[in-house]
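Visitor: The lines below spell out each chain.
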Amino acid sequence: MNAIKNLNKTTRNNFLTYGAVVLAYAVVQLLMGSLSSSLKGMLVPICAYVVMALSLNLTVGVLGELSLGHAGFMSVGAFSGVTAAMALQELIPFAPLRLTVSMLIGAVFAGIAGFLIGIPVLRLNGDYLAIVTLAFGEIIKSIINNLYLGLDGKGLHFSLLTDRTALDEDGLLIIGGPMGIGGIQRLSTFTAGFVLVMLSLFIIFNLVNSRTGRAIMAVRDNSIAAESIGINITKYKLIAFVTSAALAGAAGTLFAMNYTTIVANKFDFNASILILVFVVLGGLGNMFGSIVAAAALTILPEALREFDDYRMLVYAIVLILVMLATNNPAIQGFFARLRGARKGAAEQ
Amino acid sequence: MSRPERKPVRLVPVPSTNKIPERDIGQSPILECRHLGIDFGGLTAVNDLNMAIGRTEIAGLIGPNGAGKTTVFNLLTKVYQPTRGSILLDGHETSKMTTAQVNRTGIARTFQNIRLFDNLSVEDNVKLGLHNHIRYGMFEGIFRLPRFWSQEKLAHESALELLHIFGMEDMANVKAGSLPYGAQRRLEIVRALATNPSLLLLDEPAAGMNPSETSELMDNIVKIRNTFHIAILLIEHDMNLVMGICEGICVLNFGQVIAKGTPDEIKSNPVVIEAYLGKGKKGGK
Amino acid sequence: MTFLSYLINGLSLGSIYAIIALGYTMVYGIAKMLNFAHGDVIMVGAYICFYAVSAYQLPPPVGILLAMVVCTVLGMVIERLAYKPLRQATSLAVLITAIGVSYFLQNSALLLWSSTTKIFPNFFVIPRGAETSTGFSLFDGQLNISYVTVVTVLACLVIMLALTWFTGNTRMGKAMRACSEDKGAAQLMGINVDTTISVTFAIGSALAAIAGVLLCSAYPTLSPTTGSMPGIKAFTAAVFGGIGSIPGALLGGLLLGVIEILAGAYIGTQLQNAVVFAVLIVVLLVKPAGLLGRQIREKV
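So the protein lines, in turn, are chains A, B and C.
Residues in the first sequence are numbered from 1 upward in steps of one, following my numbering.
Residues in the second sequence are numbered from 1001 upward in steps of one, following my numbering.
Residues in the third sequence are numbered from 2001 upward in steps of one, following my numbering.
Among the hints, a few may not be true.
The list that follows gives simulated cross-link-like pairs (lysine-lysine, PhoX-like), each with its CA atoms no further than 25 angstroms apart [to be verified]:
id : chain 1 : residue 1 : chain 2 : residue 2
1  : C       : Lys2299   : C       : Lys2032
2  : C       : Lys2287   : A       : Lys235
3  : B       : Lys1096   : A       : Lys235
Hints are computed from structural coordinates only; laboratory data are not their basis.
Build out the structure end to end from the sequences listed, making use of the hints.
Guide: In structure tokens form, the structure reads like this:
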């Protein structure tokens, strides 16, 4: 107990977050038998959205840049990861290993996309940066929607706009333009999702509490001062952006491998916004908050099923009311006093 | 943190008009500006600025409001790109450097309107100053390899040591944004010092301070120079401070240097008096 | 000749974008917020007009006026209830609230008017005997121009001139400009900032109603999500021209419309949006504050 007390506050909070995730995993595993099938089907998407929220929080909360196209990276990860899984089907017969390799490939491709987009985008500021990330998200969606990619004995073939892959007889068209990818083997499991969430937490926490993370937060707090003490701001913006994109890519692969078909339109502007809502409601820079918000808001529409047609309306109203409440000075003051009182009690 | 020994630098010819303290004369100046100038659109903000600063000199840059003093700082740190002229820092031409590179070559600064990393702790602010002296990579950081632990330990000790000089080690865990004003100003100086500069630029360090705080600040500035053997250039409106600790003073008006010299020379220079007080009737008050 | 007809179509679409972009740009200029619900106000305007004309048999001009009134009130109510309490909050909090309002409007429309796509009637016709004419031909029938196109472009020009006059010469217009420069200073000079922001929302929403009717007359399908894509495009147009600038909104809207139609015609409709957004990115990289925007440099 004393050991925990002596740790500094950040480390303690980080360990509590890890603990909460492990606990949640254990509880769900124990209750697995009694869960409804619709809830069971949501376990992997919840993990994917949690990782999406964590990774976006790295960009929005830690780096302090608003991104409205995060689903684009998820899309890149989903399509490259699933393609890899299909291409590696014979090479790696062991499913968990194939899933791992596919997620890695998804992360690498999304990371590359993040790097290519980050170089021009991160020169802009504030709302301009936001609109350009939105634009890139839409561009990624349009391109994947018109991408045809096939595999045959001679290797990979791809074309844009129309199917000109001209595959051999035994060839397999993997990405079929607006039809997306069909016939996916559903390799994703709740355990895989849990491992990815833990891994994301590990990477983000350790990154933030290191020399690199300090520099990223310095850029967020005051970029002019950061430059004046010798920090290369472009480099650290890119590191944060690319790490965030790569994690989103892995989440994309996890998400896609939970369904038999996947289309690019699933990762549109609304998906990006949905993830942003998780991050803002969970609190900027607050990873635990992101996890709770992502999980709760993914389940909420399902839980509101009894409202039927009204459920999305209720969702909208809840969203507005929560934003109004959390930004209300009176309520903020109340929680600040509550925290103060608790702290005082602990010290006595 | 070990402070790496500086390599001996190439000597540059020193124009004869420069006055630097006698003890620094055997060495090349740490900073030299030659015909430095910048235009904003049609407006010439700084023109034909020539200045040299000795290796351990405390120099002052003064002048009425809007004379272009902060612009000079922004030119020296490459926040603005000079339109004309050159800056030699420790013998290195800075024209192709970015702000961050200039800092790594040796200039650190503070800002007129304090710029701290408000959401980070005091210790982290100082550690950020040490950023380029902490040596481990991103992956060593993520996977917590041995180098992470040893370097972070060193950084922690150096940071506390630096804070100790200004009596701020008790505040190490406080958020920088919630510090009182005077402490924020001091922290900015500590952070700048942590980058191990050879020239420290202070932009109005005494702004908003009462006389006793100012005199403490004067002691601190001299202490910094004596401890770290670096040069300091400061912008200040408080004439007691400037005349009290500066060895060389450069007076700027409308972007032009109107006088250079020791405090005594500046005090009695009629051009300077006119720039500050305006042209009065002779004998009138 | 085909090129000319594409160009005219582009100008017409661009005019609609410009009218919507004005709403974005004025609100951004004054409240410094991205009002993502603006696109959905367009949809509400179109529905009101549609029902007024087809269900209650009101004459089209009355329908349009009614749509404007409803949208104006709606805009002011949204501002009062959802945005005003957040005036001191972070811009991100306001953005999320605006997204909440957008969901709210879309889902209310879904419940009120169902998800079935409505076919919007074309008001801009001239009866000619038994038939009605929807447009006229030039160059021996080589170039067909519909009346909607003409009305749209004219409406856009009139609105733009009126707004320029309004912001330049009236008391309220000057108050708006003052608020967009510095709200605190404006308040100290005796300007009622709350009223000014409210009026800005009212004007933006009234324009959205007009844009909604014009949009649905040109592209006659109407559903609860009709407003979202034009909303995003118009927002892009506002940024393109330099957000906060009224002439910028006009320029950005027109250019965006023309680029979109030309890209659809010569590259393919599937990549239409990709081309539009790619052009936006290139423009912002060259001119980081948009075509007519002012680059504000942070003072060090």
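Visitor: Work down the list of hints and note, for each, if the structure agrees.
Guide: Hint check results:
1. C:Lys2299 to C:Lys2032: The given pair, whose Cα atoms are some 20 angstroms apart, holds under the 25 angstroms limit.
2. C:Lys2287 to A:Lys235: With a Cα-Cα distance of about 22 angstroms, the restraint between Lys2287 (chain C) and Lys235 (chain A) holds, given a limit of 25 angstroms.
3. B:Lys1096 to A:Lys235: holds, 18 angstroms
Consistency note: the structure conflicts with none of the earlier hints.
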